[in-house]
Amino acid sequence: MYNIDMEDIDPEKTYDLIVLGGGPTAIGSAIYAARFALDVLVIGKIFGGLIATTHLVENYPGITSTSGQGFMEMFKEHMNSLQIPYITDEIRSIEQRSDHFVLHSFFQKFKAKSVVIATGSERKKLGVPGEEEFAGRGVSYCATCDGPFYKDKTVCVIGGSDSAAKEALFLSQSVKKVYIIYRGEEIRAEPINKKRVEENQKIEIIYKTKITEIKGDNTVKSVIFDSGKEFEIDGVFIEVGSKPNSDIGKHIGIRTNKKDEIIINRKSETNILGIFAAGDVADAPFKQAITGVAEGVIAAYSAFDYIKEMNIEH
Amino acid sequence: MPIAYVYKRMIREEIAKLNKPVTLKIFTSSKNLQESVKMLDVLDIYQKASNGLLKIEENKLETNPNLIKKYEIQHAPVILMTNDLDQVIIRYLTVPTAAKIQPFVQALMVLTGTPNYYKNVIKENLNEISPTVIKVLITDYCAYCSTMISICSQFALALEGKLQTDVIDILAHPDISEQYNVTTVPTLIINEDKKLIGDITAEELLYELINKTS
Chain R
1 MYNIDMEDID PEKTYDLIVL GGGPTAIGSA IYAARFALDV LVIGKIFGGL IATTHLVENY
61 PGITSTSGQG FMEMFKEHMN SLQIPYITDE IRSIEQRSDH FVLHSFFQKF KAKSVVIATG
121 SERKKLGVPG EEEFAGRGVS YCATCDGPFY KDKTVCVIGG SDSAAKEALF LSQSVKKVYI
181 IYRGEEIRAE PINKKRVEEN QKIEIIYKTK ITEIKGDNTV KSVIFDSGKE FEIDGVFIEV
241 GSKPNSDIGK HIGIRTNKKD EIIINRKSET NILGIFAAGD VADAPFKQAI TGVAEGVIAA
301 YSAFDYIKEM NIEH
Chain Z
315 MPIAYVYKRM IREEIAKLNK PVTLKIFTSS KNLQESVKML DVLDIYQKAS NGLLKIEENK
375 LETNPNLIKK YEIQHAPVIL MTNDLDQVII RYLTVPTAAK IQPFVQALMV LTGTPNYYKN
435 VIKENLNEIS PTVIKVLITD YCAYCSTMIS ICSQFALALE GKLQTDVIDI LAHPDISEQY
495 NVTTVPTLII NEDKKLIGDI TAEELLYELI NKTS
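Residue numbers (this note's numbering), protein chains in the order written: chain R, 1 to 314; chain Z, 315 to 528.
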């Protein structure tokens with residue numbers, strides 16, 4: 001990561017663009033902003049975003065197959081080659097002034113003429129008793145992080161998405177058995193992953209079933225189905241979707257839809273002039289790394305255009 | 315297993331940013347010879363790429379009982395980053411490769427004078443923070459561990475001896491993993507008392523240290 005020289009963090013300095021987020025959308029946006037010769041800063045809570053926890057990335061055109069971490073290493077390298085500064089922090093609020101924005105974190109204050117919100121999403125909780133109690137003690141939201149702790153054990157993945165399928169496939173490499181527990185009638189994975197799941201001897205899918213409770217003592221021992229059945233298990237991996245991290249935008253009056261996604265147009269513009277959004281936090285119908293990066297790049301171009309107009313006016 | 319070429323390249327690129335001299339103490343052990351040799355080999359890469367700015371002071375566990383006692387060494391090999399008062403600020407019970415490279419070099423830079431991002435706010439709360447040891451339990455394949463190492467290291471550097479951060483790869487230390495019943499990473503153990511799991515923000519960590527809720 002390009003180490004920002006703290007002497008460069010001048011509270012009175014106004015960046016051309018500050019990008020919020022640590023995933024591929026944010027970094028992709030910043031890379032283009034730098035190429036447009038914008039003075040850009042990236043502020044992200046966690047470098048890598050959700051994709052960094054993905055076992056395999058096989059659907060980013062141009063990359064046959066790589067790990068989530070490997071994928072983000074490429075973005076990091078590109079970012080570093082352009083000497084784009086990155087700060088690990090979380091912006092809590094954005095204030096709008098006449099010709100710039102002030103961004104506040106707990107530790108610092110920043111100014112920018114424009115902002116790209118690419119804060120992604122976070123994993124949804126299941127919302128059942130025992131889930132919080134056993135977090136880190138048998139309940140996990142990240143198979144790549146925690147899967148190896150369940151070697152030769154029996155685990156379940158809750159969910160029926162492509163992510164759930166991929167988590168199950170990853171876990172099957174080290175655990176004894178994986179159960180995918182899904183409330184629907186058919187998992188919604190990409191056909192290629194669905195086929196892999198169906199052909200994997202270690203993976204069994206339990207359909208039309210919900211979990212109503214997670215039980216155990218020091219660690220998880222069982223889950224309760226909505227049928228009332230108690231099912232013995234050593235680990236529960238929850239993959240039931242995600243919710244957008246859009247609160248930062250809502251506080252300043254950025255419009256969101258019913259799913260709390262930031263509404264953007266084809267220029268990645270929000271309803272506030274000078275603020276753009278992209279990626280999982282925004283309202284695309286189909287969200288992938290490549291689509292997020294594309295929106296982030298468009299946001300950078302739109303910011304470049306916006307600043308050019310501002311400079312002409314002044 | 316020799317270090318992968320990609321990590322060698324990352325080490326050389328990162329350590330080239332160092333612009334002031336710094337000395338690291340490393341304690342090796344003949345009882346853990348393979349790990350010790352690996353640690354020394356990796357540090358050699360750092361040292362050679364540092365334009366002479368990084369010095370490695372090797373101490374053998376078996377022949378330095380006074381230093382073992384002074385620095386409270388319980389495991390070896392271990393890398394110690396110490397401040398001007400020779401207090402241990404950061405311990406690495408893990409070879410600084412892969413995701414640990416960037417926070418390792420970042421810590422060296424802050425140790426040698428690069429301003430610390432969190433320092434101003436931490437200093438405002440200095441009196442409310444008691445002496446603390448944070449064990450950062452990580453693995454190489456954990457996506458968010460690098461960020462946690464960075465935050466905890468920066469806090470240790472900002473707290474001027476009040477906080478020590480131990481970075482521990484639990485796959486290399488299964489005894490420690492078992493001791494704390496670790497089933498997820500990153501896991502933070504604060505003063506042997508409190509366990510925090512997952513990606514904690516710097517703000518959340520500060521509140522934990524001053525025993526407040528955000």
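Wrong hints could be hidden among the right ones.
Said to hold, decoys possible - With a straight-line Cα cutoff of 16 angstroms, these simulated EDC-like cross-link-like pairs (lysine to aspartate or glutamate) come out:
hint: 1; chain 1: Z; residue 1: Lys322; chain 2: R; residue 2: Glu73
hint: 2; chain 1: Z; residue 1: Lys509; chain 2: R; residue 2: Glu132
hint: 3; chain 1: R; residue 1: Lys76; chain 2: Z; residue 2: Glu327
hint: 4; chain 1: R; residue 1: Lys151; chain 2: Z; residue 2: Glu492
hint: 5; chain 1: R; residue 1: Lys109; chain 2: Z; residue 2: Asp400
hint: 6; chain 1: R; residue 1: Lys113; chain 2: R; residue 2: Glu186
No wet-lab data here; the hints were simulated from the structure. Quick caveat: nothing in here was measured; it's all calculated off a predicted structure.
Each hint tested on the structure:
1. Between lysine 322 of chain Z and glutamate 73 of chain R, the direct Cα distance comes to roughly 14 angstroms. Compliance with the 16 angstroms bound is thereby established for this hinted pair.
2. Restraint check for lysine 509 of chain Z and glutamate 132 of chain R: satisfied, since their Cα atoms lie roughly 14 angstroms apart, inside the 16 angstroms limit.
3. Between the alpha carbons of lysine 76 of chain R and glutamate 327 of chain Z the distance comes to roughly 12 angstroms, so the proposed pair stays at or under 16 angstroms and holds.
4. Of the pairs offered as hints, the one joining lysine 151 of chain R and glutamate 492 of chain Z holds, with about 14 angstroms between alpha carbons and a cut-off of 16 angstroms not exceeded.
5. Of the supplied pair hints, the one linking lysine 109 of chain R and aspartate 400 of chain Z is violated, its CA atoms being roughly 34 angstroms apart against a limit of 16 angstroms.
6. A distance of roughly 48 angstroms separates the Cα atoms of lysine 113 of chain R and glutamate 186 of chain R; the hinted pair therefore is violated under the 16 angstroms criterion.
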